[in-house]
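Number of protein chains: 2
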Amino acid sequence: MDLSKGKQLIEGPLKLVGLGIESIVEGAKAAGANVVEVTFQPPAGGDATRMRALAKLFEPPLAEKIDAANQIALERLLESRPTLVGVGVAREVIPGMSDDLILHAGPPITWERMAGPLRGAIIGGLIYEGKATTPEEAEALAASGKIRFDPCHHHHAVGPMAGVVTASMPVWIVEDMAGANAGNRTYCTLNEGLGKVLRFGAYNDEVVTRLKFIERTLGPVLGRTMAGRGPIDLKMIMAQALQMGDEGHNRNRAGTSLLFRELAPAMVRFGGEAEDVAKCLDFISKNDHFILNLTMPMAKCMLMATEGIAHATVLSVMARNGTDFGIQVASMPGRWFTGPAQLIRGLYFPGFTDEHANPDIGDSAITETAGFGAFCMAAAPAIVQFVGGTVNDALKNSRQMGRITVGKNSLFQIPALGFEGSPTGIDVRLVEEKNQLPVINTGIAHKAAGVGQVGAGLVSPPWECFHQALTAIVEQENA
Amino acid sequence: MDLSKGKQLIEGPLKLVGLGIESIVEGAKAAGANVVEVTFQPPAGGDATRMRALAKLFEPPLAEKIDAANQIALERLLESRPTLVGVGVAREVIPGMSDDLILHAGPPITWERMAGPLRGAIIGGLIYEGKATTPEEAEALAASGKIRFDPCHHHHAVGPMAGVVTASMPVWIVEDMAGANAGNRTYCTLNEGLGKVLRFGAYNDEVVTRLKFIERTLGPVLGRTMAGRGPIDLKMIMAQALQMGDEGHNRNRAGTSLLFRELAPAMVRFGGEAEDVAKCLDFISKNDHFILNLTMPMAKCMLMATEGIAHATVLSVMARNGTDFGIQVASMPGRWFTGPAQLIRGLYFPGFTDEHANPDIGDSAITETAGFGAFCMAAAPAIVQFVGGTVNDALKNSRQMGRITVGKNSLFQIPALGFEGSPTGIDVRLVEEKNQLPVINTGIAHKAAGVGQVGAGLVSPPWECFHQALTAIVEQENA
Chain U
0 MDLSKGKQLI EGPLKLVGLG IESIVEGAKA AGANVVEVTF QPPAGGDATR
50 MRALAKLFEP PLAEKIDAAN QIALERLLES RPTLVGVGVA REVIPGMSDD
100 LILHAGPPIT WERMAGPLRG AIIGGLIYEG KATTPEEAEA LAASGKIRFD
150 PCHHHHAVGP MAGVVTASMP VWIVEDMAGA NAGNRTYCTL NEGLGKVLRF
200 GAYNDEVVTR LKFIERTLGP VLGRTMAGRG PIDLKMIMAQ ALQMGDEGHN
250 RNRAGTSLLF RELAPAMVRF GGEAEDVAKC LDFISKNDHF ILNLTMPMAK
300 CMLMATEGIA HATVLSVMAR NGTDFGIQVA SMPGRWFTGP AQLIRGLYFP
350 GFTDEHANPD IGDSAITETA GFGAFCMAAA PAIVQFVGGT VNDALKNSRQ
400 MGRITVGKNS LFQIPALGFE GSPTGIDVRL VEEKNQLPVI NTGIAHKAAG
450 VGQVGAGLVS PPWECFHQAL TAIVEQENA
Chain S
0 MDLSKGKQLI EGPLKLVGLG IESIVEGAKA AGANVVEVTF QPPAGGDATR
50 MRALAKLFEP PLAEKIDAAN QIALERLLES RPTLVGVGVA REVIPGMSDD
100 LILHAGPPIT WERMAGPLRG AIIGGLIYEG KATTPEEAEA LAASGKIRFD
150 PCHHHHAVGP MAGVVTASMP VWIVEDMAGA NAGNRTYCTL NEGLGKVLRF
200 GAYNDEVVTR LKFIERTLGP VLGRTMAGRG PIDLKMIMAQ ALQMGDEGHN
250 RNRAGTSLLF RELAPAMVRF GGEAEDVAKC LDFISKNDHF ILNLTMPMAK
300 CMLMATEGIA HATVLSVMAR NGTDFGIQVA SMPGRWFTGP AQLIRGLYFP
350 GFTDEHANPD IGDSAITETA GFGAFCMAAA PAIVQFVGGT VNDALKNSRQ
400 MGRITVGKNS LFQIPALGFE GSPTGIDVRL VEEKNQLPVI NTGIAHKAAG
450 VGQVGAGLVS PPWECFHQAL TAIVEQENA
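Quick mapping for you: the protein sequence lines, in order, are chains U and S.
Counted the way numbering that gives the first Met the number 0 counts, the first sequence spans residues 0 to 478.
Counted the way numbering that gives the first Met the number 0 counts, the second sequence spans residues 0 to 478.
Hints listed in this document are in silico derivations from the structure and should not be mistaken for laboratory results.
Even glycine gets a Cβ: it sits at the ideal position worked out from N, Cα and C.
Keep in mind that the hints are not guaranteed to be accurate.
[What the hints assert, rightly or not] Derived coverage of chain S by chain U (criterion: at least 3 residues anywhere in the stretch with Cβ under 8 Å from a Cβ of chain U; other residues may be distant):
(1) 117 to 127
(2) 412 to 420
[Stated by the list, open to error] Simulated pairs of lysine-lysine, DSSO-like, Cα-Cα distance not exceeding 27 Å:
(3) U:K285 to U:K55
(4) U:K446 to U:K195
(5) U:K55 to U:K446
(6) U:K234 to S:K234
(7) U:K285 to S:K395
(8) U:K234 to S:K285
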């Protein structure tokens with residue numbers, strides 16, 4: 000274990016170093032000693048049970064077994080090749096999807112415990128599907144038990160913010176084209192843009208009209224386009240976008256532009272009527288975040304390749320439903336470790352404050368789980384103007400994430416760090432040892448249903464997720 | 000004057016500091032003294048005449064007059080709004096263009112003194128125009144005196160590398176939409192892409208066939224597109240591209256992508272036949288440098304706004320024809336100060352070395368003259384992989400250019416330098432005072448006609464240009 004966290008550069012004459020034991024420090028100060036106080040953080044926050052558990056996981060031979068498993072997980076993640084292969088309709092292509100099922104972001108949750116923006120998106124989804132005509136009807140239906148709710152992740156799907164997927168929505172189909180998990184498929188809806196949108200919990204006519212455009216025009220045009228042009232390698236676009244100021248979560252201007260360049264000629268050739276194609280080109284061109292709904296299933300696809308590797312302690316999922324934050328560990332696929340979703344530290348749109356903010360929501364933390372997003376903030380200095388902070392904060396952030404990850408993704412390079420690979424593979428053990436939570440950058444939704452986005456910022460999972468995961472790992476290993 | 004250039008951090012015990020006067024230093028060393036040698040560079044390279052000239056230009060009241068004029072020049076440059084307004088045919092839209100005239104990059108030059116790549120491009124241009132059927136015929140015609148040659152800059156045009164413009168070529172039309180110089184128009188051909196291309200001196204069938212596609216399909220499609228959609232603000236695209244890893248000279252992937260997003264929907268609506276539009280979309284999408292031929296006339300348009308400001312000592316032009324490097328000063332529009340084009344320090348494509356390289360060529364140094372290109376290399380870390388060097392070199396480069404420029408462009412921000420504005424307005428006085436030439440990044444053409452690009456790197460103008468300009472400024476001011 001690395002106990003060096005307490006070290007810091009100390010200049011000048013030194014009489015005594017205080018490590019936080021107040022009675023001693025105060026006594027020494029009172030006696031006139033020159034005391035330099037440094038923050039000493041023992042591993043696992045100093046909790047005796049967790050420190051013992053951690054020690055076991057870092058001791059041979061178990062440590063070697065876990066290290067080897069984590070390296071296999073990293074290799075699988077790196078060798079996966081998530082490829083955009085087409086567009087389908089949710090009910091036809093997502094495994095287990097049906098007309099009475101609504102998918103949502105984060106770990107499982109009942110209607111009663113759902114946060115405002117998730118409820119808002121479900122209300123909008125039911126109106127969009129024609130199952131309700133008013134928000135009141137939709138709420139009554141949602142509470143009636145006639146509609147089932149499931150996490151996107153239980154269906155190989157991911158969704159930004161509320162992450163609501165209903166049966167009629169068109170979805171991207173991403174397929175792993177390489178490695179041990181070739182053939183894995185993941186899914187995500189098409190990005191709606193900013194403003195009043197379903198994923199932030201808005202459900203007015205504007206929202207539903209746009210969803211109908213996506214269903215009737217954008218989805219079919221892109222479906223024909225992909226069928227005509229053939230697959231698109233998403234990792235190559237992401238690699239380029241990281242050289243162009245994106246981090247693939249909240250900064251997506253470059254990736255969207257590169258995807259647009261790939262799609263546009265084929266949209267003209269295969270997409271259908273010229274005016275429909277022009278409308279779709281306009282719609283994509285005006286939405287810098289269009290590719291987010293592809294970086295997410297790309298990340299999910301990369302991480303699916305790590306699922307089921309015995310002994311691996313790296314995360315395969317981080318996801319939030321607006322009430323709970325849930326993580327999954329690669330060696331225990333499908334098992335959630337949850338804690339309360341946190342409030343986001345960030346910048347608010349004019350007229351809004353943290354009083355209006357819903358806690359953390361969305362499957363988009365899958366980007367950080369796969370080693371980009373906030374983990375690559377050093378590649379996206381412009382994002383600090385969006386989430387707050389300075390360019391140096393962004394650099395520091397990427398370096399800190401290097402302390403809790405098991406390797407680097409040499410394809411996803413960060414120019415400002417001398418083209419170093421992105422820190423990849425969050426190890427539950429390292430998070431506990433370094434007392435360093437993963438950092439996520441994210442939009443902030445209004446806490447009431449029907450409003451929408453109010454800001455953006457940085458957030459971390461609650462410690463509970465990692466403490467539970469640590470306990471489960473120790474139990475699993477009989478350590 | 001700042002005489003601090005000789006300073007450097009000196010550690011350890013110090014007996015004597017040697018400033019380069021060898022006899023003293025060597026004598027002291029021989030006597031056993033501990034000598035630290037530092038490079039002392041007096042202003043103007045220590046030339047007595049130029050030092051006196053410089054001193055006059057930095058003394059009140061002349062200094063105030065020049066400073067004020069340079070600030071006006073900077074303001075005019077910053078307030079200009081170069082806007083893409085359309086596409087026309089060179090003979091119809093470029094002032095003074097005619098069928099027996101060929102425009103080229105750099106200062107004026109005769110056929111006899113032209114370098115290989117410029118000759119190659121002229122051969123290609125004559126074949127393309129149907130004035131010759133073989134390279135030999137074209138050379139004979141070029142040497143006959145029946146064809147006139149003029150710098151692009153004499154016609155408000157700019158051209159990358161050889162910069163050849165013939166009468167039938169489609170050209171972008173850029174118009175200044177704001178400031179004292181609203182209505183100024185500049186021109187540039189449409190970028191051909193990489194590989195065997197006219198601008199690098201190639202002239203085979205592939206080159207001519209592509210030029211015909213540009214004339215018959217791309218130009219008309221883009222002309223109809225621009226007429227249908229209306230103008231595009233080029234500075235806004237450049238500002239965004241600098242946040243996305245471009246510097247607007249040799250790294251243009253982001254700007255090309257953003258321009259593509261602006262153009263594509265309108266190309267579908269107004270461009271004409273779907274298959275023609277699809278071909279044009281493909282052509283643009285596959286050429287990361289497509290926007291170079293718009294960043295150049297944008298820069299030219301910004302700098303035209305500075306021309307004719309009495310007393311201004313900032314540059315309005317830097318341009319090379321492959322034999323000579325020429326600069327112009329804002330207060331003396333149209334007057335060239337020239338010296339020999341330099342060899343480029345850079346990286347070569349496999350199979351080529353500096354033996355194959357032609358000296359510096361092209362009007363593209365107009366980008367550096369306007370404060371971007373190599374002046375913004377810190378914004379484009381990926382470019383160091385193309386021209387050689389490290390990310391730190393790129394940062395250093397942008398900082399050094401700040402020493403010879405009169406201000407910052409707050410719209411063109413460099414993220415890696417804390418969003419500092421790009422160093423803008425190269426002052427002849429500062430170049431001489433700091434002994435610091437402007438840095439330019441550039442492609443390297445093969446020195447023989449007909450070959451093409453062999454590498455890319457960094458280069459500077461020859462000192463002669465600045466020495467002549469300094470003399471002319473002093474004469475003009477009767478100083």
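To see whether the hints hold, each was checked on the structure:
1. 117 to 127: As far as the stretch 117 to 127 of chain S goes, the hint is violated, because 0 residues have Cβ atoms under 8 Å from chain U.
2. 412 to 420: holds (count 4)
3. U:K285 to U:K55: Answer violated: K285 of chain U to K55 of chain U is near 53 Å, above 27 Å.
4. U:K446 to U:K195: Holds. K446 of chain U to K195 of chain U sits at ~14 Å (cutoff 27 Å).
5. U:K55 to U:K446: violated, 42 Å
6. U:K234 to S:K234: violated, 31 Å
7. U:K285 to S:K395: violated, 36 Å
8. U:K234 to S:K285: holds, 18 Å
When held up to the earlier numbered hints, the structure conflicts with 1, 3, 5, 6, 7 and fits the remainder.
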